Amino acid sequence: MHHSGRITPELVAAHGLKPDEYQRLLALIGREPSFTELGIFSAMWNEHCSYKSSRIHLRKLPTKAPWVIQGPGENAGVIDIGDGLACIFKMESHNHPSYIEPHQGAATGVGGILRDVFTMGARPVATLDLLRFGAPDHPLMRHLIAGVASGIGSYGNSFGVPTVGGSTKFDRRYNGNILVNAMAVGIARRDEIFYAKATGIGNPIVYLGSKTGRDGIHGATMASAAFEADAQEKRPTVQVGDPFAEKLLLEACLELMRTGAVIAIQDMGAAGLTSSAVEMGAKGNLGIALDLDAVPCREPGMSAYEMLLSESQERMLMVLAPDKEAEAEAIFRKWGLDFAIIGKTIAEPRFVIRHHGEVKADLPIKELGDEAPVYDRPSVPTPKAAPLAPETVAAPLPHNEALLRLIGSADLASKRWITEQYDSLILGNTIQGPATQDPGGDAALIRLGDGPKGLALTADVTQRYCEADPYEGGKQAVALAWRNLTAVGATPLAVTDNLNFGNPENPHVMGQFIGCLEGIGEACRALDFPIVSGNVSLYNASEGQDIPPTPAIGGVGLLEDASRGATLAIKRPGDAILLFGETHGWLGASVYLRDLCGREEGAPPPVDLAVERRHGDFLRGLIENRALTAVHTLSDGGLALGLAKMALAGGIGARIELPESLPAHAFLFGEDQARYLATALPEKAEAIRLEAEAQGIPCQLIGTTGSSILAFGEVASVGLDALRERFDSFLPELMAKRTF
Amino acid sequence: MNAAVILFPGSNREKDVCRALEHASGKAPRLIWHGEDTLPPGTDLVVLPGGFSYGDYLRCGAMAAHSPIMRAVAEHAARGGLVLGICNGFQILVESGLLPGILMRNADLRFICRMQHLSVERADTPFTAQYKAGQVIKVAIAHGEGNYVTDDHTLARLEGDGRIAFRYCDARGQIGGAANPNGSLNDIAGIYSDKFNVLGLMPHPENLIEPIIGGTDGLPLFQSLSQYG
Numbered sequence: 001m002h003h004s005g006r007i008t009p010e011l012v013a014a015h016g017l018k019p020d021e022y023q024r025l026l027a028l029i030g031r032e033p034s035f036t037e038l039g040i041f042s043a044m045w046n047e048h049c050s051y052k053s054s055r056i057h058l059r060k061l062p063t064k065a066p067w068v069i070q071g072p073g074e075n076a077g078v079i080d081i082g083d084g085l086a087c088i089f090k091m092e093s094h095n096h097p098s099y100i101e102p103h104q105g106a107a108t109g110v111g112g113i114l115r116d117v118f119t120m121g122a123r124p125v126a127t128l129d130l131l132r133f134g135a136p137d138h139p140l141m142r143h144l145i146a147g148v149a150s151g152i153g154s155y156g157n158s159f160g161v162p163t164v165g166g167s168t169k170f171d172r173r174y175n176g177n178i179l180v181n182a183m184a185v186g187i188a189r190r191d192e193i194f195y196a197k198a199t200g201i202g203n204p205i206v207y208l209g210s211k212t213g214r215d216g217i218h219g220a221t222m223a224s225a226a227f228e229a230d231a232q233e234k235r236p237t238v239q240v241g242d243p244f245a246e247k248l249l250l251e252a253c254l255e256l257m258r259t260g261a262v263i264a265i266q267d268m269g270a271a272g273l274t275s276s277a278v279e280m281g282a283k284g285n286l287g288i289a290l291d292l293d294a295v296p297c298r299e300p301g302m303s304a305y306e307m308l309l310s311e312s313q314e315r316m317l318m319v320l321a322p323d324k325e326a327e328a329e330a331i332f333r334k335w336g337l338d339f340a341i342i343g344k345t346i347a348e349p350r351f352v353i354r355h356h357g358e359v360k361a362d363l364p365i366k367e368l369g370d371e372a373p374v375y376d377r378p379s380v381p382t383p384k385a386a387p388l389a390p391e392t393v394a395a396p397l398p399h400n401e402a403l404l405r406l407i408g409s410a411d412l413a414s415k416r417w418i419t420e421q422y423d424s425l426i427l428g429n430t431i432q433g434p435a436t437q438d439p440g441g442d443a444a445l446i447r448l449g450d451g452p453k454g455l456a457l458t459a460d461v462t463q464r465y466c467e468a469d470p471y472e473g474g475k476q477a478v479a480l481a482w483r484n485l486t487a488v489g490a491t492p493l494a495v496t497d498n499l500n501f502g503n504p505e506n507p508h509v510m511g512q513f514i515g516c517l518e519g520i521g522e523a524c525r526a527l528d529f530p531i532v533s534g535n536v537s538l539y540n541a542s543e544g545q546d547i548p549p550t551p552a553i554g555g556v557g558l559l560e561d562a563s564r565g566a567t568l569a570i571k572r573p574g575d576a577i578l579l580f581g582e583t584h585g586w587l588g589a590s591v592y593l594r595d596l597c598g599r600e601e602g603a604p605p606p607v608d609l610a611v612e613r614r615h616g617d618f619l620r621g622l623i624e625n626r627a628l629t630a631v632h633t634l635s636d637g638g639l640a641l642g643l644a645k646m647a648l649a650g651g652i653g654a655r656i657e658l659p660e661s662l663p664a665h666a667f668l669f670g671e672d673q674a675r676y677l678a679t680a681l682p683e684k685a686e687a688i689r690l691e692a693e694a695q696g697i698p699c700q701l702i703g704t705t706g707s708s709i710l711a712f713g714e715v716a717s718v719g720l721d722a723l724r725e726r727f728d729s730f731l732p733e734l735m736a737k738r739t740f
Numbered sequence: 001m002n003a004a005v006i007l008f009p010g011s012n013r014e015k016d017v018c019r020a021l022e023h024a025s026g027k028a029p030r031l032i033w034h035g036e037d038t039l040p041p042g043t044d045l046v047v048l049p050g051g052f053s054y055g056d057y058l059r060c061g062a063m064a065a066h067s068p069i070m071r072a073v074a075e076h077a078a079r080g081g082l083v084l085g086i087c088n089g090f091q092i093l094v095e096s097g098l099l100p101g102i103l104m105r106n107a108d109l110r111f112i113c114r115m116q117h118l119s120v121e122r123a124d125t126p127f128t129a130q131y132k133a134g135q136v137i138k139v140a141i142a143h144g145e146g147n148y149v150t151d152d153h154t155l156a157r158l159e160g161d162g163r164i165a166f167r168y169c170d171a172r173g174q175i176g177g178a179a180n181p182n183g184s185l186n187d188i189a190g191i192y193s194d195k196f197n198v199l200g201l202m203p204h205p206e207n208l209i210e211p212i213i214g215g216t217d218g219l220p221l222f223q224s225l226s227q228y229g
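Listed in order, the protein sequences are those of chains A and B.
So in this note's numbering, spot 579 of the first sequence is number 579, and the numbers just go up one at a time.
So in this note's numbering, spot 117 of the second sequence is number 117, and the numbers just go up one at a time.
Treat the hints with care, as some may be off.
[As the list claims (entries may be wrong)] A short list of chain A residues far from chain B (calculated; beta carbon distances all over 10 Å):
#, residue
1, GLN70
2, ALA347
3, ILE426
[Stated by the list, open to error] Residues of chain A clear of chain B, computed beta-carbon distances all greater than 10 Å:
#, residue
4, PRO19
5, ASP20
6, ALA27
7, ASP137
8, ASN285
9, GLU367
10, THR629
[Unchecked claim] EDC-like cross-link-like pairs, simulated, lysine to aspartate or glutamate; straight-line CA separation at most 16 Å:
#, chain 1, residue 1, chain 2, residue 2
11, A, LYS453, A, ASP83
12, A, LYS64, A, ASP528
13, A, LYS211, A, GLU348
14, A, LYS334, B, GLU36
15, A, LYS453, A, ASP80
16, A, LYS283, A, GLU371
17, A, LYS737, B, ASP108
18, B, LYS15, A, ASP450
19, A, LYS344, A, GLU371
Because the hints were derived from the structure by calculation, they are not lab data.
Just so you know, these numbers come straight off a predicted model, no measurement behind them.
Every residue gets a Cβ at the ideal spot worked out from N, C-alpha and C, and that includes glycine.
Generate the whole structure from the sequences, applying the supplied hints.
So, in structure tokens, the structure goes:
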């Protein structure tokens, strides 16, 4: 985009700035901005970079705990995991780019979040992905699924980090706005963590990595607006990823960090050079002066405006110790990467840009970030839905057919067609991941180095519940993550969140956002599960249709001895089956109600956080003592789906008895919370049950493992072969269809 | 056993194979930058690790085959020295002419990562002495271009000379059908050079060396090497 002359209202609007926001800009600098300066403000004040609609609400989230080293506000969150080690992790969205160009959009989403983690000095050890697609039969959806899967795979596989988990679900309201959230997890020495805060006056600012091109200009601005029908015309705003360059950048950065040359470091992500330079200066109360003539460019004739707003990938900005320049340059040259000194820190807190000897921008640096508009947008709470009594839901089909339909449904069927495209085994530390078992465990489990410690990782959210009741749904999202980590034996430590919502200018969406955040905050407090990093993605809407509220929760937990982790697979015939937690047959907002009855109504299952904690702590103790032979949390699809997945994972069937107090389908498919299904050696089961009862935890012996059939009392009986066939076939059949 | 693992720009399984070698032999291998032109004196085994050398932006392995160190690797092989190429390393070996054939894109055009059974075709080589001939082992695969192709004449020679090292199979040792993950001719997962001192294979035995991480079926390959000679 080239331009000269006056700043017109049309030009301001084209930069995504509202008239009152432009007035604020004028008041701040006391004159009309240059074209370059307008671009800088547009980049810094868009929703994606400024969090202007969400900021006042995010402040209410709990972010502290004794083990939290760094909460939100840096490139990623940092927690202490003992032995002098820190775990550094974050989740981030790449929703809009992935809809426009799924392969590159998803690939650069992975690349961006990996950079956030290794910028802080961590070596990435795992990634996860939370994906939400539209209706499977939507004409664009196979193209989007195939592109996102290959994009995530191509980046992670080449970079060399295992993609170990996540969640993939479908809903027609994502038809015009899919979600691609990537989470990266890295490990560093806790005394060798690097931050973005610049220090020292006159220190060199160094540009590292790939060259700057014209790709991704205004990507963050694009990501801050709802889609209209012209979404495909926005393809030029999507960046192109180069995982090979990023792998070199990782190795060069970690090598350079060991030399002590790095004072501050920031990756060039959204809003590129502008955002990274302003953040480093603002955090250190210093100014930044850049001379763009030194910026390595991919093509000639790039303007200051283009260089400042490019979102070319695989680039870093560093403040270096002045006597270390030569040493740093030698490391980057060895790895074949660009290295250029493009500016210096200055005392006066301004952001000064020179190009071809001319000052192109001269702006107050603190205000660029801190004085971004903050909105307390009007909101309307979601009306509370009445609970749905199980007796009011008639079973629409026989229970064995219901089970087969659900296990072959879009949300619950195997995602192996996607996850097989991810290298989940590289680094040789994946204990539980998509290639080790299918159906997969509640959380992924990786070993730390040579052990014995392990990290459990999860990323999920039940958007049905969030939509039906944002507050309960927000609580449930956190409880689900906490429970998933617990079920593999880990102690849950901290959360990264990715808050995907619709258009915040719609008061109903704002009501969903506020409600979910209240629930998330309450659950995090009750479970000692602080939020240490995250991302807000608003304007997920297309042609007026907002997505369901989808606050993705990424959880990290620690096992002191990874060999004590639990898996969900039934291990042998003759084991006793134990059900922990209370079963009321809650069908409101369930997958049974939605997928088999065609009804989306009723309050979602309530989450009692004290009960969650009591049940989870008890289960974790049993796992730690090796008292259980298999463990699985119950979530979508309830007890029947939970047991079916345990049976498929182990290749061994089971028989359970049903109570007479509930309709059979409510018992089998109800989604009551705080429940776990487990197996134990038969001679130990009664003692476990008594111990649970003594601690006030409902526990029933409901059956026995064995045979190649799943039998539910006298009401249903399904062979494992038939279950496996349905479970395995959904995605391969969908993706094999030729007609678009 | 003195092992040297070559590090190309874009290699990413070098740590995995170093760990396997050290686990089997008690001795850490040397990491050698691809820009070197000599191997450390006394090198017995050269390993070309998995990864995406030069991003695999040209044909996989084509750029790395021209790295300075590859001349020394070829001389080492010509002297009868041991060379092991895993995944991208196998691709580099065929691109540099140390092994025949080529690795095309997987038949279904998608990258595939899964646990995979292999049959060990013979147990009288420096790489497989700790296995039994015909043994079925479970290892990992993770590749997008593992579809082994060669001309009929070369294939007949490989088969006739017993130079197939591993074949894809199912858990019972049956070859063919869904047990072949990538469309490779004759279910070939790995081949030897004519002197049996160079092995290239697509699977990753280095990722199955401990019970907690999927099993130990990959370990005998590294134990065989560490006990050889």
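Tested hints:
1. The claim that GLN70(A) lies off the interface holds: its Cβ sits roughly 27 Å from the closest Cβ of chain B, which is beyond the 10 Å cut-off.
2. For ALA347(A), the requirement that its beta carbon stay farther than 10 Å from each beta carbon of chain B is met, with the minimum near 40 Å.
3. With a least beta-carbon separation of about 6 Å from chain B, ILE426(A) fails to lie farther than 10 Å from that chain, contradicting its non-interface assignment.
4. Here PRO19(A) stays apart from chain B, with its beta-carbon at least about 46 Å from theirs, past the 10 Å limit.
5. With 10 Å as the threshold on Cβ separation, the claim that ASP20(A) sits away from chain B holds: the shortest Cβ distance comes to roughly 47 Å.
6. Under the 10 Å C-beta cut-off, the non-interface status given to ALA27(A) relative to chain B holds; the minimum distance is some 49 Å.
7. Listed as a non-interface residue, ASP137(A) keeps its Cβ farther than 10 Å from every Cβ of chain B; the least gap is roughly 22 Å.
8. Distance check on ASN285(A): its Cβ is at least 39 Å (rounded) from any Cβ of chain B, clearing the 10 Å threshold; non-interface status holds.
9. The Cβ of GLU367(A) lies farther than 10 Å from every Cβ of chain B, with a closest approach of about 41 Å, so its non-interface assignment holds.
10. With a closest Cβ-Cβ approach of about 17 Å to chain B, THR629(A) is found to remain outside the 10 Å limit, as its non-interface label requires.
11. Between LYS453(A) and ASP83(A), the direct Cα distance comes to roughly 10 Å. Compliance with the 16 Å bound is thereby established for this hinted pair.
12. With a CA separation close to 9 Å, the supplied pair LYS64(A) and ASP528(A) stays within the 16 Å bound.
13. Annotation: proposed proximity of LYS211(A) to GLU348(A) is violated, straight-line Cα distance about 29 Å (limit 16 Å).
14. Straight-line distance between C-alpha atoms of LYS334(A) and GLU36(B) comes to about 12 Å, which keeps the hinted pair within the 16 Å bound.
15. For the proposed pair LYS453(A) and ASP80(A), the alpha carbon gap of about 13 Å is at most 16 Å, so the pair holds.
16. Proposed proximity of LYS283(A) and GLU371(A) is supported: the alpha carbons are some 14 Å apart, at most 16 Å.
17. For a cut-off of 16 Å, the pair hint linking LYS737(A) to ASP108(B) stands: about 14 Å separates their Cα positions.
18. For the proposed pair LYS15(B) and ASP450(A), the alpha carbon gap of about 12 Å is at most 16 Å, so the pair holds.
19. Among the hinted pairs, LYS344(A) with GLU371(A) is inconsistent with the structure: their alpha-carbon atoms are about 24 Å apart, more than 16 Å.
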